[in-house]
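Visitor: What follows is the residue order along each chain.
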Amino acid sequence: MTPAGPSAGDDALDLVATPADERGTSLWRGAFRRLRRNPSAIIGAAIMLVFVLVAIFAPLLTSFRPGTGEFFGQVTPSSVPGPSQEHWLGLDTGGSDMWTQLLYGARQSLVYGVASTLVGLTAGAALGVLAGGFGAVGGRVGGWVDTAVMRVVDILLSIPSLLLAVSIAAIITQDSLAIIIAIGAAQVPIFARLLRSSMLAQGKSDYVLAAGALGFRKRRIVMSHILPNAIGPTIVQATLNLATATLEVAALSYLGLGPDDPRVAEWGRMLVNAQSRFDADPRLAILPGICIVVTALGFTLFGEALRESLDPRSRR
Amino acid sequence: MIRFVLRRLALMVPVLLGLSILLFIWVRSLPGEGPARSLLGTRATPERIEAINEQYGFNDPLLEQYLRYVGSLLRGDFLSSIRDGKPVLDTFFDKLPVTVELSLAALLFAIVVGIPLGYVAARYQGRAPDTAVVSGSLLGVATPVFFLALLLKLVFANWLGWLPATFRQTPGIDATQVTGFAVLDGLLTREYDAAWDAVLHLLLPAIALGTIPLAIIVRITRASVAEVLQEDYVRTAESKGLRRRTVARRHVLRNAMLPVSTTIGLQVGLLFSGAVLTETVFSFQGIGSYLFQAISQRDYPVLQGYIIFIAIMYSLINLVVDLLYGVIDPRVRVST
Numbered sequence: 004m005t006p007a008g009p010s011a012g013d014d015a016l017d018l019v020a021t022p023a024d025e026r027g028t029s030l031w032r033g034a035f036r037r038l039r040r041n042p043s044a045i046i047g048a049a050i051m052l053v054f055v056l057v058a059i060f061a062p063l064l065t066s067f068r069p070g071t072g073e074f075f076g077q078v079t080p081s082s083v084p085g086p087s088q089e090h091w092l093g094l095d096t097g098g099s100d101m102w103t104q105l106l107y108g109a110r111q112s113l114v115y116g117v118a119s120t121l122v123g124l125t126a127g128a129a130l131g132v133l134a135g136g137f138g139a140v141g142g143r144v145g146g147w148v149d150t151a152v153m154r155v156v157d158i159l160l161s162i163p164s165l166l167l168a169v170s171i172a173a174i175i176t177q178d179s180l181a182i183i184i185a186i187g188a189a190q191v192p193i194f195a196r197l198l199r200s201s202m203l204a205q206g207k208s209d210y211v212l213a214a215g216a217l218g219f220r221k222r223r224i225v226m227s228h229i230l231p232n233a234i235g236p237t238i239v240q241a242t243l244n245l246a247t248a249t250l251e252v253a254a255l256s257y258l259g260l261g262p263d264d265p266r267v268a269e270w271g272r273m274l275v276n277a278q279s280r281f282d283a284d285p286r287l288a289i290l291p292g293i294c295i296v297v298t299a300l301g302f303t304l305f306g307e308a309l310r311e312s313l314d315p316r317s318r319r
Numbered sequence: 032m033i034r035f036v037l038r039r040l041a042l043m044v045p046v047l048l049g050l051s052i053l054l055f056i057w058v059r060s061l062p063g064e065g066p067a068r069s070l071l072g073t074r075a076t077p078e079r080i081e082a083i084n085e086q087y088g089f090n091d092p093l094l095e096q097y098l099r100y101v102g103s104l105l106r107g108d109f110l111s112s113i114r115d116g117k118p119v120l121d122t123f124f125d126k127l128p129v130t131v132e133l134s135l136a137a138l139l140f141a142i143v144v145g146i147p148l149g150y151v152a153a154r155y156q157g158r159a160p161d162t163a164v165v166s167g168s169l170l171g172v173a174t175p176v177f178f179l180a181l182l183l184k185l186v187f188a189n190w191l192g193w194l195p196a197t198f199r200q201t202p203g204i205d206a207t208q209v210t211g212f213a214v215l216d217g218l219l220t221r222e223y224d225a226a227w228d229a230v231l232h233l234l235l236p237a238i239a240l241g242t243i244p245l246a247i248i249v250r251i252t253r254a255s256v257a258e259v260l261q262e263d264y265v266r267t268a269e270s271k272g273l274r275r276r277t278v279a280r281r282h283v284l285r286n287a288m289l290p291v292s293t294t295i296g297l298q299v300g301l302l303f304s305g306a307v308l309t310e311t312v313f314s315f316q317g318i319g320s321y322l323f324q325a326i327s328q329r330d331y332p333v334l335q336g337y338i339i340f341i342a343i344m345y346s347l348i349n350l351v352v353d354l355l356y357g358v359i360d361p362r363v364r365v366s367t
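So the protein sequences, as listed, match chains A and B. Per my numbering, the first sequence starts with residue 4, numbered consecutively. Per my numbering, the second sequence starts with residue 32, numbered consecutively.
No lab work stands behind these hints: they were computed from the structure. Note that this is a predicted model, so its numbers are computed, not measured. Heads up, some of the hints might be wrong.
Think about it this way: if two alpha-carbon atoms lie no more than 20 Å apart in a straight line, the pair counts; the simulated EDC-like pairs of lysine to aspartate or glutamate are [stated by the list, open to error]:
id, chain 1, residue 1, chain 2, residue 2
1, A, K207, B, D216
2, A, K207, B, D360
3, A, K221, A, D209
Could you build all of it, start to finish, from the sequences and the hints given here?
Guide: Printed below as a string of structure tokens:
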């Protein structure tokens with residue numbers, strides 16, 4: 004028999020032998036310990052920390068306001084003023100201070116990225132557990148529940164995610180909540196399908212059979228046996244999605260469906276505005292582009308390290 | 032097997048019906064004053080807008096409009112674009128090869144580069160090749176499609192001048208159209224220079240579009256291979272003296288491909304979303320850029336028609352992926 008994953012050890016005998024204070028916390032405490040030793044976790048956490056601090060303290064780091072276009076007079080059709088003493092990153096196409104725009108842009112990315120992924124993860128994981136749980140141990144009726152839930156997911160999945168986001172962003176007008184729901188909704192089918200398929204795969208494992216034979220309730224088998232073993236890929240996906248959510252805000256902006264208020268500084272839109280001048284002055288697009296990439300990278304690095312530390316099987 | 036396919040096809044009907052209703056409501060609730068306004072532009076007067084709305088029946092109750100729409104669909108009439116008057120069905124199939132060619136090229140790039148890289152990373156887990164591959168894939172997944180597209184264009188087209196920056200083929204090139212797939216047409220008609228020209232035009236867009244799928248395929252392959260490598264049967268195969276390549280192909284990759292094949296299936300939607308952006312950056316006249324124009328101009332028939340066609344294609348592709356899943360993993364075949 005193959006070793007059946009980490010939670011196979013939590014059978015009754017093992018629990019009796021374990022001191023009380025190590026029972027519930029060992030997984031997360033161990034994960035945190037491993038996380039602190041992982042360099043990519045440290046880098047990712049550092050980027051995230053800087054990003055969050057910048058988002059919060061943006062007004063303290065610059066003497067200008069975002070999106071005012073107060074220096075628009077200096078912008079001509081042929082050139083945008085580059086770095087100078089007053090503006091050390093120069094101006095942007097709208098005539099605002101580039102450094103200020105980039106700082107305030109972090110706020111938008113933080114709000115949209117985190118909030119939309121939470122929306123997508125919560126709804127997607129709920130659907131995935133419902134379908135996967137019933138599908139794995141629910142017998143015939145469970146199969147029907149699984150099928151019904153997955154048909155709903157299929158409707159969402161049958162529209163490419165950006166189009167889904169575009170459609171939703173377009174209906175509920177272009178305020179922040181709409182963008183969050185739009186990007187979150189586009190992630191729902193991904194989480195749901197992924198969690199379901201890995202739960203179904205886990206459902207065929209020996210340890211699930213063993214748990215059933217021991218007479219555990221199906222609910223417990225699903226929640227404490229199958230789910231912890233099946234959640235790994237979903238966590239990887241969520242970390243990747245934190246990054247892609249940031250990217251999708253930029254994409255929505257690109258299609259003209261981003262944050263509606265031109266006074267709001269947003270990296271994606273800065274990039275789009277710079278596009279027509281890209282050849283002459285790559286700085287305009289490259290700076291906000293780098294901000295997006297670094298932020299997405301920070302989320303990805305940290306999340307990836309989190310996965311490795313949570314999933315002992317991938318430990319090095 | 033046939034029953035499985037038939038059941039899946041039958042299940043597509045309610046999905047598509049639900050989708051068509053949602054779409055109908057979505058499309059009509061797009062902000063702005065509807066297609067009449069963008070059609071007329073500066074010539075718009077309330078009377079003219081009213082006349083167009085009357086002509087297309089946009090003033091009727093939504094339910095009536097929907098039933099009329101479904102009625103015309105059932106007669107095989109997919110309506111015409113409000114903007115240029117061309118039948119939706121015709122333009123869709125005219126533009127389909129452009130987008131499919133681009134997506135296939137991107138997917139090919141992602142798979143051909145991604146699976147070996149993922150395998151190598153898992154084999155050398157924790158060592159230099161692994162670190163390089165993982166860092167690269169992290170960077171790839173963190174870069175917005177159109178930012179990457181712009182960068183590639185700037186470096187390889189504008190600065191170095193190695194590759195063309197826009198269009199599918201050099202304008203004015205003597206290329207015969209057969210299937211609409213530029214590369215395939217060139218090969219079929221033996222116009223090899225035209226085929227090569229199309230390949231050169233495809234390179235940058237395909238890399239831009241394929242990078243995120245590539246990064247995802249690399250990561251999933253790596254995770255999956257790393258897991259399979261720890262299985263007893265791999266140790267058995269290695270210890271009975273099989274060649275490393277045989278173990279890699281027959282024992283490791285075949286078992287590790289399960290999550291990867293699902294992931295590749297899921298990439299199709301991502302490719303389509305990315306195609307909207309990539310086609311716009313590289314001036315490809317495909318479905319993506321046409322759809323983009325339709326969104327901004329509120330071209331209802333085009334939006335509805337295109338998204339439903341895309342959904343049908345997407346569902347069919349997912350069905351094929353699921354069938355392939357059964358081919359790769361006999362355990363799934365038994366349980367369906």
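Visitor: Enumerate the violated hints, using their earlier numbering and listing them in ascending order.
Guide: 1
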